Amino acid sequence: MLAKYLDHVKWELCMWKAHMPRLWVGTLLLVATTAVQAQPCRPDYILQWCEDMRAQAQFERADHKLNAAYRRLLRQMSKPRDEYIDYPALKAKFMDAQRQWIRFRDAECDAWFIVNQAGTGRNVSEMACLIDRTNDRTKQLNAWLTYVPSR
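Just so you know, we're using the working numbering here: the sequence shown kicks off at 348 and counts up by one.
In short, the hints are calculated from the structure, not lab data.
One or more hints might be untrue.
[As the list claims (entries may be wrong)] Capping the alpha-carbon separation at 20 Å, the derived lysine to aspartate or glutamate pairs in EDC-like fashion look like this:
no. : residue 1 : residue 2
1   : K486      : D453
2   : K486      : E430
3   : K440      : E430
4   : K486      : D443
5   : K426      : D410
6   : K486      : E407
7   : K412      : D453
8   : K440      : D391
These numbers were taken from a predicted model, which means no experiment stands behind them.
Could you put the whole structure together from the sequences, leaning on the hints where they help?
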């Protein structure tokens, strides 16, 4: 019985030694891949994931500007009704329009993604659509600011 157990232990040690180099190679690849991905993308990098990250950052900046313009406009609309403008109704309609615009923008850019889904730049194409539509809407909201009297 003891001999059988020792044979089994020898077999396990032999298997461990046989697979150990593979485990080390796998571990090193995992660490190296993680280290490469953790490095920031320089502007001259043309790796796809760097382009995706830059496009995402650009969209976030555009979205921040859009939200700032939207908040300014809502503040200007946060007044009681006067003899010329029903501000509460205007604000409610405007908020509804903005929600619908967001759904439209997202659906249109999703369609743009489908058109480009076979290419490696499909994410960047979708982000470019989102950036363009968001910048256009920010201009529209800023134009609204000139039409809605400030306090």
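Practice task
For the pair supplied as a hint, K412 and D453, confirm whether the alpha-carbon distance does not exceed 20 Å.
Solution key: holds (17 Å)
Practice task
Would you check the hint for K440 and E430, treating anything up to 20 Å between C-alpha atoms as holding?
Solution key: The given pair, whose Cα atoms are some 18 Å apart, holds under the 20 Å limit.
Practice task
For the pair supplied as a hint, K486 and D443, confirm whether the alpha-carbon distance does not exceed 20 Å.
Solution key: holds (18 Å)
Exercise for the section: Would you check the hint for K440 and D391, treating anything up to 20 Å between C-alpha atoms as holding? Expected result: violated (45 Å)
Exercise for the section: Given the hint that K426 pairs with D410, test it: the Cα-Cα distance must not exceed 20 Å. Expected result: violated (26 Å)
Problem - Restraint check for K486 with E407, where alpha carbons must lie at most 20 Å apart - result: Holds, at about 16 Å.
Practice task
Mind checking the alpha carbons of K486 and D453 for me, to see if they're no more than 20 Å apart?
Solution key: holds (18 Å)
Problem - Holds or violated: K486 to E430, with C-alpha atoms at most 20 Å apart - result: Answer violated: K486 to E430 is near 28 Å, above 20 Å.
The structure shown violates the earlier hints numbered 2, 5, 8.
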